[in-house]
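Those sequence lines, one after another, are chains A and B.
Using this note's numbering, the first residue of the first sequence is number 1, and each one after it goes up by one.
Using this note's numbering, the first residue of the second sequence is number 273, and each one after it goes up by one.
Honestly, the hints are just simulated from the structure, not real lab data.
Quantities reported herein were computed from a predicted structural model and do not represent experimental measurements.
Careful: at least some of the hints might be erroneous.
Stated by the list, open to error - Residues from chain A that face chain B, not an exhaustive set, calculated with beta carbons under 8 Å: (1) Ile112; (2) Phe128; (3) Leu129; (4) Thr133; (5) Asn153; (6) Gly155; (7) Ser156.
Even glycine gets a Cβ: it sits at the ideal position worked out from N, Cα and C.
2 protein chains.
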Amino acid sequence: MTARNSFHTQVEIAWDQTRSLLCVGLDPRLDLLPAPFEKDRDSVLEFCKTIVDATSGSACAYKPNHAFYAALGLEDELADLVEYIHNRYQDIPVILDAKRGDIDSTAEHYAIEAFDRYDVDAVTVNPFLGWDTVEPFLAWEDRGIFVLCRTSNKGSAWLQTQPDIDPIYEQIAERVDALNNPNVGLVVGATNLEELREIRDYAPDTLLLIPGVGIQGAKAEDVLETGCADDGREVLINVSRGIIHQDESAEYLDSVTAKAQEYASQMMIDAE
Amino acid sequence: MTARNSFHTQVEIAWDQTRSLLCVGLDPRLDLLPAPFEKDRDSVLEFCKTIVDATSGSACAYKPNHAFYAALGLEDELADLVEYIHNRYQDIPVILDAKRGDIDSTAEHYAIEAFDRYDVDAVTVNPFLGWDTVEPFLAWEDRGIFVLCRTSNKGSAWLQTQPDIDPIYEQIAERVDALNNPNVGLVVGATNLEELREIRDYAPDTLLLIPGVGIQGAKAEDVLETGCADDGREVLINVSRGIIHQDESAEYLDSVTAKAQEYASQMMIDAE
Numbered sequence: 001m002t003a004r005n006s007f008h009t010q011v012e013i014a015w016d017q018t019r020s021l022l023c024v025g026l027d028p029r030l031d032l033l034p035a036p037f038e039k040d041r042d043s044v045l046e047f048c049k050t051i052v053d054a055t056s057g058s059a060c061a062y063k064p065n066h067a068f069y070a071a072l073g074l075e076d077e078l079a080d081l082v083e084y085i086h087n088r089y090q091d092i093p094v095i096l097d098a099k100r101g102d103i104d105s106t107a108e109h110y111a112i113e114a115f116d117r118y119d120v121d122a123v124t125v126n127p128f129l130g131w132d133t134v135e136p137f138l139a140w141e142d143r144g145i146f147v148l149c150r151t152s153n154k155g156s157a158w159l160q161t162q163p164d165i166d167p168i169y170e171q172i173a174e175r176v177d178a179l180n181n182p183n184v185g186l187v188v189g190a191t192n193l194e195e196l197r198e199i200r201d202y203a204p205d206t207l208l209l210i211p212g213v214g215i216q217g218a219k220a221e222d223v224l225e226t227g228c229a230d231d232g233r234e235v236l237i238n239v240s241r242g243i244i245h246q247d248e249s250a251e252y253l254d255s256v257t258a259k260a261q262e263y264a265s266q267m268m269i270d271a272e
Numbered sequence: 273m274t275a276r277n278s279f280h281t282q283v284e285i286a287w288d289q290t291r292s293l294l295c296v297g298l299d300p301r302l303d304l305l306p307a308p309f310e311k312d313r314d315s316v317l318e319f320c321k322t323i324v325d326a327t328s329g330s331a332c333a334y335k336p337n338h339a340f341y342a343a344l345g346l347e348d349e350l351a352d353l354v355e356y357i358h359n360r361y362q363d364i365p366v367i368l369d370a371k372r373g374d375i376d377s378t379a380e381h382y383a384i385e386a387f388d389r390y391d392v393d394a395v396t397v398n399p400f401l402g403w404d405t406v407e408p409f410l411a412w413e414d415r416g417i418f419v420l421c422r423t424s425n426k427g428s429a430w431l432q433t434q435p436d437i438d439p440i441y442e443q444i445a446e447r448v449d450a451l452n453n454p455n456v457g458l459v460v461g462a463t464n465l466e467e468l469r470e471i472r473d474y475a476p477d478t479l480l481l482i483p484g485v486g487i488q489g490a491k492a493e494d495v496l497e498t499g500c501a502d503d504g505r506e507v508l509i510n511v512s513r514g515i516i517h518q519d520e521s522a523e524y525l526d527s528v529t530a531k532a533q534e535y536a537s538q539m540m541i542d543a544e
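Excised from the complex, chain A in its bound form:
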């Protein structure tokens, strides 16, 4: 087994290869599995593998969301999928979107889940319980974490912004920025560009994982202009449903490949 690059180094290599900032979300839904796949749990792993093969030329990262596998009892298949990506596309890092958060002694076990059981390169974590609940993930020095900062859903303002105080997302961004650790990033939704700009100001060099483009409504060009660091990078723009679930047709996988290329072309890294 060769030594593993640090997460941020992996991302840099992937950026150099694809010249794109596209992260492909692997969130399979049975009701949307296309023919010839049966719409049952036995089809999910194979479906995901074909999606990976169809998008590997465009993706600088993959992001399976744990919920979609856990709902179906497909945790072993999720581990198999990660192994498949590592073996076949070793320069494309895998981010487990799990949004874990628990007290420190328990968080250690969630870190083991992400980095040992699933062997992913990075994981998303929820900071609501406090910074001491994030730290156990940092003990895995070469792996990455993305701390939830400002999410893209409609109700997110309830706790993430509060009147009359500095926004909580600002406090999170500043804390992550102060670590000065390239393997630690932030999750920032693309649906509020003004806040994305503020967060970039608070954390000028931090890697941002940005959902919200595609089905959720944000535009890639706006995110690029607002979210990138000064070097024109340091963002991973995630698209899930907009790529992996196309209208059913005989050319389903061609549509997936074309859609991934289309998104990737909207998220190109400028030549230096």
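Given the coordinates of chain A, work out where chain B should sit on it, guided by the hints.
Same frame as chain A, now just chain B:
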């Protein structure tokens, strides 16, 4: 299959039977598995079953924490454990401590994970992403949820309290109280009694799941006095490590039973 009681009704039945407010946390750690169990993953399910058998006379609920099973890839065994409890101790509800939180379309899948894949009676959820991310769990009307409100770990104040505004835990407590749904409770750590008292004031009738007694340092009598509703109930006091991990000895399970009885006796429901 008989119709399922609502979660709160299940808890009431368990209270009536045990006269105790003790919830036993099932958080197995390989390094602490006692002889004759081998300290390996194949032993975990059997260990947990024996703990359940040894404590069933004292527990009004069981609470397995997902992290301890997920770290070992024992999700199927966790499902088996829940089924074991349902079959053998049908009046003791099972709460999955998973602290899930994700945007609504994903949260639906986490609700399926908890209520279908694991078939638990209630699950803990993290409200950081917003109330819209809690609602998919409420669609399972007879099941219970516990919304994280104020956690017991040292660093929890960072985001859960903020200077110069109403505490965030207050906002969460008021929102849950306003639902007036007995199946929706709050997780409130026992380590700060003043805040526990405030939260009980904001949510006078709400069921509270209270960790922090035992290893984490809080005393059962203080929690009872501070946390109970006017009827002397509406709390579940969780003890995990303080019960299930004893010094190794030939009488290990006797020690577990005795410890559970000791805690239960400190958490008795007054005769009416």
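Would you pick out the hints that fail for this structure and give their numbers low to high?
-> none
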